[in-house]
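Participant: Under this note's numbering, the residues of the sequence shown are numbered 1 to 328, in order.
Since the hints were derived computationally from the structure, they do not count as laboratory data. Idealized CB from N, CA, C, for every residue including glycine. Among the hints, erroneous ones may be present.
Calculated pairs, BS3-like style, for lysine-lysine (alpha carbon to alpha carbon, straight line, at most 25 angstroms) [as the list claims (entries may be wrong)]: (1) 201 - 150; (2) 227 - 112; (3) 150 - 220; (4) 150 - 106; (5) 80 - 112; (6) 106 - 154; (7) 150 - 112.
Derived CB-CB ranges, DEER-like [what the hints assert, rightly or not]: (8) 263 - 47: 48 to 54 angstroms; (9) 298 - 62: 48 to 54 angstroms; (10) 63 - 280: 47 to 53 angstroms; (11) 220 - 287: 24 to 30 angstroms.
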Amino acid sequence: MCNRNSVSIIIPVYNEEMYIEKCLKSIVDQTYENIIEILVLDGMSTDSTRDIIGKFTNEKLLLIDNEKKIQSAALNKGIKMARGDIVVRVDAHAIYDKNYVGQCVKTLNRMKSQKVVNVGGPTYLLRSKSYIENCIVFLHESKFGIGVAKFRQKDYEGFVDTVWNGAFWRWIFDEIGFYNENLSRSEDNDLNNRILRAGYKIYQNKDIISYYRPRSSVGKIISQNFKNGEAIGGSIVNNREIVRIRHLVPLVFFLTIVIFGITYKFFLVSRIIEILALASYFAVDILESMNIGIRNGIRYMPCMFVLFFLLHIAYGLGTICGFFKSIE
Numbered sequence: 001m002c003n004r005n006s007v008s009i010i011i012p013v014y015n016e017e018m019y020i021e022k023c024l025k026s027i028v029d030q031t032y033e034n035i036i037e038i039l040v041l042d043g044m045s046t047d048s049t050r051d052i053i054g055k056f057t058n059e060k061l062l063l064i065d066n067e068k069k070i071q072s073a074a075l076n077k078g079i080k081m082a083r084g085d086i087v088v089r090v091d092a093h094a095i096y097d098k099n100y101v102g103q104c105v106k107t108l109n110r111m112k113s114q115k116v117v118n119v120g121g122p123t124y125l126l127r128s129k130s131y132i133e134n135c136i137v138f139l140h141e142s143k144f145g146i147g148v149a150k151f152r153q154k155d156y157e158g159f160v161d162t163v164w165n166g167a168f169w170r171w172i173f174d175e176i177g178f179y180n181e182n183l184s185r186s187e188d189n190d191l192n193n194r195i196l197r198a199g200y201k202i203y204q205n206k207d208i209i210s211y212y213r214p215r216s217s218v219g220k221i222i223s224q225n226f227k228n229g230e231a232i233g234g235s236i237v238n239n240r241e242i243v244r245i246r247h248l249v250p251l252v253f254f255l256t257i258v259i260f261g262i263t264y265k266f267f268l269v270s271r272i273i274e275i276l277a278l279a280s281y282f283a284v285d286i287l288e289s290m291n292i293g294i295r296n297g298i299r300y301m302p303c304m305f306v307l308f309f310l311l312h313i314a315y316g317l318g319t320i321c322g323f324f325k326s327i328e
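Build the full structure now, drawing on both the sequences and the hints.
Facilitator: See the structure below:
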């Protein structure tokens, strides 16, 4: 493999004491030889994250304060400091295959003639001994849940509209701009949309492998998806080009059951639509929960049935809240 391209690793963190050690170890152990710096941008963590980072003696690793605390600001600060030809964004909640960086560099060079400037790969979800954590993993893997995005599909390879994290040619930021710091979420969708509008491409290579640990409780995963929906609601008003049909399905479902539920007693058509909507939804919910139960254990079926519903309601409600916040 060619090692001529220098690489800067950028890792935004905040209170990642449970994950940062394994993440950094997987980055330090990369086989690619020309990683020139590992920039860890900390949003002023209040746990032991900084102490754990300080125990690493790797001379390439640099801990940097992110006073603004938000992820987009950390990424921008890191990119502006980066000296590498290629910038590889890393999420602290994951660990990375030893060839991760090498595959990113190889793919960027292989696809250069096709104007590819950002590459990524699928995320393999880490299971645990916890019943709830495994249910949350199944949510991420299911296309009925969160798994409709291409980066959640392990065997997909090809051109995409976004990738998880991403490895970029450094010069692309000077051409299209940096992450939008006005966005608390969806900043990656916004950036990738600008890449595509500028005539460049994004590519997913199934050999760029990482292992991600999702949120560990029902409350956290529901909160995360409410906020994701909220970001999409804001984007409908301010940045609708990044909104895809998949982002709006929970909103349509939520509005359907609420509007026709309110008018249920007054109109026959409302009763018909409400019954059909709920019956269709729960039929799919039951079938997908059964499918997960058959593959992983029947005991997961009841929890999955409830989690799918909570997930979609949270996302749909978040989308509405984000929409109205943006038009205030």
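Participant: Look at each hint and say if it fits the structure.
Facilitator: Consistency of the hints with the structure:
| no. | hint | verdict |
| --- | --- | --- |
| 1 | 201 - 150 | 15 angstroms, holds |
| 2 | 227 - 112 | 35 angstroms, violated |
| 3 | 150 - 220 | 23 angstroms, holds |
| 4 | 150 - 106 | 20 angstroms, holds |
| 5 | 80 - 112 | 23 angstroms, holds |
| 6 | 106 - 154 | 19 angstroms, holds |
| 7 | 150 - 112 | 21 angstroms, holds |
| 8 | 263 - 47: 48 to 54 angstroms | 49 angstroms, holds |
| 9 | 298 - 62: 48 to 54 angstroms | 50 angstroms, holds |
| 10 | 63 - 280: 47 to 53 angstroms | 51 angstroms, holds |
| 11 | 220 - 287: 24 to 30 angstroms | 27 angstroms, holds |
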